[in-house]
Amino acid sequence: MSKPVLVIGGGPAGLAAAHSLASVGKECVIVEKEDKLGGAPILSGYAKLVPTGEWAKDAIGGMVKRVEDEAGVSVVTGATVTDFDGTPGDFTAKLSNGDAVEAEAVILCSGFTHFDSVNKPEWGFGTYPDVVTTTQVEQMISSGDGVRCPSDGRKPKRVAILLCVGSRDRQIGREWCSKICCTVSSNMAMEIREELPDCHVYIYYMDIRTFGLYETKYYWKSQEEFKVKYIKARIAEVTSDGEKLIVKGEDTLVKRPITIPFDMVVHAIGMDPNVENPAISETFGVDLEEHGYIDVAHRYGAMGETSRPGIYVAGSATGPETIDDSIAQGHACAMAVLSNAKNLKSA
Amino acid sequence: MPIHEKSLIRPENLTTHDELVLDGVDVSGHWSTFIETRVVKDYNESMEEEIAALPGGEHIHRCWQCGSCTNSCTVNAINPDFNPRYWIYLIRMGYESELLRDKDIIWQCVSCNKCTYACPRDVFPEGVMKATAHWLEKKGHTTKSPSMHFDEVFTEQIVKTGKIEESRTIRRFFSRTGQALMQPWMVEMVKRMLKGLPVSLLTRMGLATLFAPRTSDWSRASAALEEYIDEQEEKQAQALSLAELVETAKQDVAA
Numbered sequence: 004m005s006k007p008v009l010v011i012g013g014g015p016a017g018l019a020a021a022h023s024l025a026s027v028g029k030e031c032v033i034v035e036k037e038d039k040l041g042g043a044p045i046l047s048g049y050a051k052l053v054p055t056g057e058w059a060k061d062a063i064g065g066m067v068k069r070v071e072d073e074a075g076v077s078v079v080t081g082a083t084v085t086d087f088d089g090t091p092g093d094f095t096a097k098l099s100n101g102d103a104v105e106a107e108a109v110i111l112c113s114g115f116t117h118f119d120s121v122n123k124p125e126w127g128f129g130t131y132p133d134v135v136t137t138t139q140v141e142q143m144i145s146s147g148d149g150v151r152c153p154s155d156g157r158k159p160k161r162v163a164i165l166l167c168v169g170s171r172d173r174q175i176g177r178e179w180c181s182k183i184c185c186t187v188s189s190n191m192a193m194e195i196r197e198e199l200p201d202c203h204v205y206i207y208y209m210d211i212r213t214f215g216l217y218e219t220k221y222y223w224k225s226q227e228e229f230k231v232k233y234i235k236a237r238i239a240e241v242t243s244d245g246e247k248l249i250v251k252g253e254d255t256l257v258k259r260p261i262t263i264p265f266d267m268v269v270h271a272i273g274m275d276p277n278v279e280n281p282a283i284s285e286t287f288g289v290d291l292e293e294h295g296y297i298d299v300a301h302r303y304g305a306m307g308e309t310s311r312p313g314i315y316v317a318g319s320a321t322g323p324e325t326i327d328d329s330i331a332q333g334h335a336c337a338m339a340v341l342s343n344a345k346n347l348k349s350a
Numbered sequence: 004m005p006i007h008e009k010s011l012i013r014p015e016n017l018t019t020h021d022e023l024v025l026d027g028v029d030v031s032g033h034w035s036t037f038i039e040t041r042v043v044k045d046y047n048e049s050m051e052e053e054i055a056a057l058p059g060g061e062h063i064h065r066c067w068q069c070g071s072c073t074n075s076c077t078v079n080a081i082n083p084d085f086n087p088r089y090w091i092y093l094i095r096m097g098y099e100s101e102l103l104r105d106k107d108i109i110w111q112c113v114s115c116n117k118c119t120y121a122c123p124r125d126v127f128p129e130g131v132m133k134a135t136a137h138w139l140e141k142k143g144h145t146t147k148s149p150s151m152h153f154d155e156v157f158t159e160q161i162v163k164t165g166k167i168e169e170s171r172t173i174r175r176f177f178s179r180t181g182q183a184l185m186q187p188w189m190v191e192m193v194k195r196m197l198k199g200l201p202v203s204l205l206t207r208m209g210l211a212t213l214f215a216p217r218t219s220d221w222s223r224a225s226a227a228l229e230e231y232i233d234e235q236e237e238k239q240a241q242a243l244s245l246a247e248l249v250e251t252a253k254q255d256v257a258a
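Residue numbers (the working numbering), protein chains in the order written: chain A, 4 to 350; chain B, 4 to 258.
Among the hints, erroneous ones may be present.
With a cut-off of at most 20 Å between alpha-carbon atoms, the simulated SDA-like pairs for lysine to any residue come out as follows [stated by the list, open to error]: (1) Lys133/B to Glu52/B; (2) Lys44/B to Val257/A; (3) Lys235/A to Asp45/B; (4) Lys166/B to Thr218/B; (5) Lys44/B to Pro260/A; (6) Lys44/B to Thr262/A.
Simulated DEER-style distance windows between Cβ atoms [said to hold, decoys possible]: (7) Ser154/A to Ile12/B: 38 to 46 Å; (8) Asp29/B to Leu256/A: 48 to 56 Å; (9) Lys247/A to Glu22/B: 37 to 45 Å; (10) Arg237/A to Ile6/B: 19 to 27 Å; (11) Asp119/A to Ile6/B: 49 to 57 Å; (12) Val256/B to Lys160/A: 32 to 40 Å; (13) Lys160/A to Asp29/B: 43 to 51 Å; (14) Arg41/B to Tyr303/A: 27 to 35 Å; (15) Arg237/A to Gln182/B: 27 to 35 Å.
If you're looking for bench data, these hints aren't it; they were derived computationally from the structure.
Computed from a predicted model, the values in this text were never measured in an experiment.
Glycine residues also receive a C-beta, built at the ideal position from the N, C-alpha and C atoms.
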């Protein structure tokens, strides 16, 4: 029990794992490649989180502070693991900053990468300034500047949110559902309507997957209280007539082609596997599953066991995941590491 | 075009030119048949707001197009063109011209309320049908339906006297809908009543026809009802921008 646990990544899952370990007196080291902790919610500047409505900087910021105040957690930022070797209970990781960390076990909390909308050029991102991503709108809201058209700063009168951008699309090799975008989008639609009551918000969908209790808290609420409109259509292309963005597609419910003018188009971007996953797989010797996420080898014995004994995985490194489930997985992985350490000792 | 979509082509959307030359090529006759585009070029957001402002239409924005209303519909079983789900969608997106194509069947809802109990989102489609029929009337797209005349005759009488005197109701209803009072079934009914009913009852009925029965102390209630109805009508007229409509019509006439 002398060596610490190595936690790769300081997002919601990593912060939760580190907190759990520290709170039972187990030392751990967080290695974060960016220069600060918090993961996507902090680094990408998310606004209010689902399902609590708390601001990301308060909710996740609180988790960061809690971990930074723990005596048993040491944090290394701006570094990655370049070399890794050993057996369960006795691993050594060499870091890009030249240091080496001895570890008893590893929890990979390396997260995901936002889909880059440039890879769907027909939807106008990168061509028209008023075509933006959900991440950009999150930033407009969290910065306090409000939702404005980037081209000229005007308040949009009509906004289209396109779902499944970078998800459920064999054309670009992304066949998974990113799981959270429907809920995030209906939440965002309500935030836009709240800030700009005269702005009409349309969501173009193939299916609405606001799973579980999000059905009423987000989907129904957005329709019933905020009059957000949902149109069943996968948009064909986004162009411009010089003044407005023109959204083209088929309204499948009335079997009619549509070419509707909008002030702003928002891509509900999906969750890609972390672009570093091939390198992470190579370094740590863990398998990736078919979509490129880190494979969870066992499901029912312990939480997040990868293909390599002693290395665990939690959060959106395993596939598209919500923030609260990532946190739960981080905590559960810490428990798996502790119980496995006990077994090693008694063996 | 796939065969199952040929039904989308409407005869009125076809145009043929007897004489037509395009880029130097003679395409006269059926070669020059064109189909008018079905592309929806814009949404009209005010339409949903207008229907929602009428009694019964308040919950239209809840609809998620599952089709439970149409599937449970009594009238749809007889006439497949009677499709509440579809109309709700047209209203929500503001496809007005498309809705107007069905203006002569929308009022046919029999208010059986099967849709009310089938709807998983409590849209109250029956109410929406009622609101839509009223919207069509108020906007001048349809003439007043017989049932609307009946409702008005009935309501006017209640507001005025607090009571319903059936013979008065039926006489006024016939008169407003342009029907003859002396209808064979009516004559037959009165004959049999005269024959079968006790004299005392007939006397009371006769008196009621001459002197309309009134609820005692009704005037204050009547005034309150009238005030409320006026208020509601004013609100609806505003929501539907009826004053503007009248104004534009006046200007059109003047021009």
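Each hint tested on the structure:
1. Lys133/B to Glu52/B: holds, 15 Å
2. Lys44/B to Val257/A: Between Lys44/B and Val257/A the Cα gap is close to 14 Å, so the pair holds against 20 Å.
3. Lys235/A to Asp45/B: Distance of about 16 Å is within 20 Å: holds.
4. Lys166/B to Thr218/B: holds, 6 Å
5. Lys44/B to Pro260/A: holds, 9 Å
6. Lys44/B to Thr262/A: holds, 5 Å
7. Ser154/A to Ile12/B: 38 to 46 Å: holds, 40 Å
8. Asp29/B to Leu256/A: 48 to 56 Å: Since the Cβ atoms of Asp29/B and Leu256/A sit about 41 Å apart, the hinted range of 48 to 56 Å is violated.
9. Lys247/A to Glu22/B: 37 to 45 Å: Taking Cβ atoms as reference, Lys247/A and Glu22/B lie about 39 Å apart, which means the hint holds.
10. Arg237/A to Ile6/B: 19 to 27 Å: Holds - the Cβ-Cβ distance for Arg237/A and Ile6/B, about 24 Å, lies within 19 to 27 Å.
11. Asp119/A to Ile6/B: 49 to 57 Å: At roughly 41 Å between Cβ atoms, Ile6/B and Asp119/A fall outside 49 to 57 Å, so the hint is violated.
12. Val256/B to Lys160/A: 32 to 40 Å: About 34 Å separates the Cβ atoms of Val256/B and Lys160/A, which means 32 to 40 Å holds.
13. Lys160/A to Asp29/B: 43 to 51 Å: Hint holds: Cβ distance 48 Å, inside 43 to 51 Å.
14. Arg41/B to Tyr303/A: 27 to 35 Å: Since the Cβ atoms of Arg41/B and Tyr303/A sit about 54 Å apart, the hinted range of 27 to 35 Å is violated.
15. Arg237/A to Gln182/B: 27 to 35 Å: With a Cβ separation near 54 Å, Arg237/A and Gln182/B fall outside 27 to 35 Å, so the hint is violated.
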